[in-house]
Amino acid sequence: MNIVNVKLRQREKNKFRKILSTKKSIYDSKQNLINSSCPYTAGATLEEGEWFYVDDADTQPFASDILDHHFESVDFDSFDKKDFDKIDYLFIFADKDIFFQKISKTRLIAKKRINMNGEECKFEESQREIIVNELPDAIFVSSENRLYFRKLESITSIFSGIDQLYREATDEEVDLFLKNDFIAPQNDYCVSSVKTANRKRIALAKKTLDGLNETDRKKIFAYIGEYCPDLKTDKEAFKIGTENEMKMLLFGIEQRFYTTPVGGEKRLANSVISI
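Just so you know, we're using the working numbering here: the sequence shown kicks off at 14 and counts up by one.
It should be emphasised that the hints constitute simulated quantities derived from the structure, not laboratory data.
Please read all numbers here as calculations on a predicted model, not as lab measurements.
Some hints could be false.
Computed list of lysine-lysine pairs in BS3-like fashion (alpha-carbon distance at most 30 Å, straight line) [as the list claims (entries may be wrong)]:
no., residue 1, residue 2
1, 231, 213
2, 43, 135
3, 109, 164
4, 99, 115
5, 109, 99
6, 208, 231
7, 252, 192
8, 232, 252
9, 192, 99
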């Protein structure tokens, strides 16, 4: 049984509504939708059929009561058509899994149309429809306690705070990062010079460096020096005067540089997924 529910955009606490129940499958099963999966990594690029996931989903800061199973659809009021324009997202209970789809204005249709279903064609005025996508934006698999998704930006309005798991570094964190002894700022490069993309990379790089001992840190810096010789100074530091130079340093900390085994060509990986 598939139970289709919606969350409404409104200030009242009672924001969930039940639309309908059906034995027909709204979405294909998780096994058929997800060919392979990997833990979410900021900047990583997925292949067709691949999904990201976050483990321990129901205990994460972004987890809602829906994931916590604090209530079931029987607790919801029935959907009232007057709230059609307030629909924020769909969530569908399919056995023990929950499928989510963000509903943008393009997914809500209220138009005149000619209905050709059945034996006769008929004109319908102001017919309202919710367009269901071929793929959901997220799937919560309760048996795994895992949330699957393809694009983080597609689910930030569904799971409030999930973007904070992969947040930008604050001004204070950027300032502390620039004060590291392995960085030699150039051309008045400072906190205000660091834009959104590099702030996200700094947050990740800080976490990476915090997990390294002194020996491994030296190996990382030697590795960066090998691939980015123009950044090196005489004092075992890296000259950072532009956003691109900062980006290359941060890519180095995440070990994105590699050399092809055939041809010995040095390359930069656009994204990295652990295997």
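Notebook entry, point to check: Between residue 99 and residue 115, is the straight-line Cα distance small enough, at 30 Å or below?
Noted result: Since the Cα atoms of residue 99 and residue 115 sit roughly 12 Å apart, the hinted pair holds (cutoff 30 Å).
Notebook entry, point to check: Does residue 43 pair with residue 135 here, judged by a C-alpha cut-off of 30 Å?
Noted result: 37 Å, violated
Check: Within 30 Å, alpha carbon to alpha carbon, are residue 252 and residue 192?
Finding: Distance ~12 Å between residue 252 and residue 192 Cα, so the pair holds.
Next item on the list: Could you grab the alpha-carbon distance between residue 109 and residue 164 and see if it respects the 30 Å cut-off?
Entry: 23 Å, holds
Checklist line | Hint consistency between residue 208 and residue 231 [alpha-carbon to alpha-carbon, up to 30 Å] | finding: At roughly 27 Å apart (the allowed maximum being 30 Å), residue 231 and residue 208 satisfy the hint.
Check: Are the Cα positions of residue 109 and residue 99 separated by 30 Å at most?
Finding: 27 Å, holds
Next item on the list: Given the hint that residue 192 pairs with residue 99, test it: the Cα-Cα distance must not exceed 30 Å.
Entry: 48 Å, violated
Note to self: residue 231 and residue 213 were given as a pair; does the straight-line alpha-carbon distance stay at or below 30 Å?
What the structure shows: 23 Å, holds
Check: Would the pair residue 232 and residue 252 pass a check requiring their Cα atoms to be no farther apart than 30 Å?
Finding: Given that 30 Å is the threshold and the Cα spacing comes to 18 Å, the pair holds.
Checked against the numbered hints above, the structure breaks hints 2, 9 and satisfies the rest.
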